[in-house]
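Residue strings, one per chain:
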Amino acid sequence: KAGVTQTPRYLIKTRGQQVTLSCSPISGHRSVSWYQQTPGQGLQFLFEYFSETQRNKGNFPGRFSGRQFSNSRSEMNVSTLELGDSALYLCASSWGSQNIQYFGAGTRLSVL
Amino acid sequence: QKEVEQDPGPLSVPEGAIVSLNCTYSNSAFQYFMWYRQYSRKGPELLMYTYSSGNKEDGRFTAQVDKSSKYISLFIRDSQPSDSATYLCAMSDRFGNEKLTFGTGTRLTIIP
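So the protein lines, in turn, are chains B and Y. Residue numbering for the first sequence follows our numbering, beginning at 1 and increasing consecutively. Residue numbering for the second sequence follows our numbering, beginning at 1 and increasing consecutively.
It should be emphasised that the hints constitute simulated quantities derived from the structure, not laboratory data. All values reported here derive from a predicted model rather than from experimental measurement. Treat the hints with caution; some may be incorrect.
Below, a list of computed lysine-lysine pairs in the DSS-like style, where the Cα atoms sit at most 27 Å apart [said to hold, decoys possible]:
id, chain 1, residue 1, chain 2, residue 2
1, B, K13, Y, K42
2, B, K57, Y, K42
3, Y, K2, Y, K70
Bound conformation, chain B alone (with noise of 0.2 Å):
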């Protein structure tokens, strides 16, 4: 069974530009969360999203945004980027009924 995938491993951008990351959840999982690495503080949760519906949302402001599919498929959006938007952003499925997530590789962002 395939893990969760996310796409693209790595990108850099320059301050005021925009990006979308890309997560496919393992098979079967309907709920789709984000969270950002810094070396500071740790993993953050962002938001999650369980049939195509935001159901959580951690203290990040409105820049940070996303959506879910109907394949359950999510993309995460960051506009206007800042310096201090550089991280990993991970990924993490679950079935959206338990707190067992798995989680991807990782997208690591780098803010110029």
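Once you have looked at the hints, place chain Y on chain B.
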């Protein structure tokens, strides 16, 4: 103050030693506790999942939860070089809540 505190290390121990990793937390609503392992350039993978207070053992790994002290631990027996990774604790307040709160992680190196 962070909801979950974890000593970032780094922690270096000789092969075969017993490793103790710990997290403290402030939110008494947390009931579900997890330990993840993250290798370099990989996403976190679930090691242990426990509910409420008590111990859980899985092979060389033992997870302990003391809710009265708001303290959780992960013990690794007969440590191996392949255990070298960053270990993350994570918590949730209710079953089915996919929003996990993570510690910042402890970097562990097992010296052959």
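Hint-by-hint comparison with the structure:
Distance restraint check for B/K13 and Y/K42: the Cα-Cα separation of roughly 22 Å lies within the 27 Å cut-off, and the hinted pair is therefore satisfied. Straight-line distance between C-alpha atoms of B/K57 and Y/K42 comes to about 24 Å, which keeps the hinted pair within the 27 Å bound. For a cut-off of 27 Å, the pair hint linking Y/K2 to Y/K70 stands: about 13 Å separates their Cα positions.
Every hint, counting from the list given before, is met by this structure.
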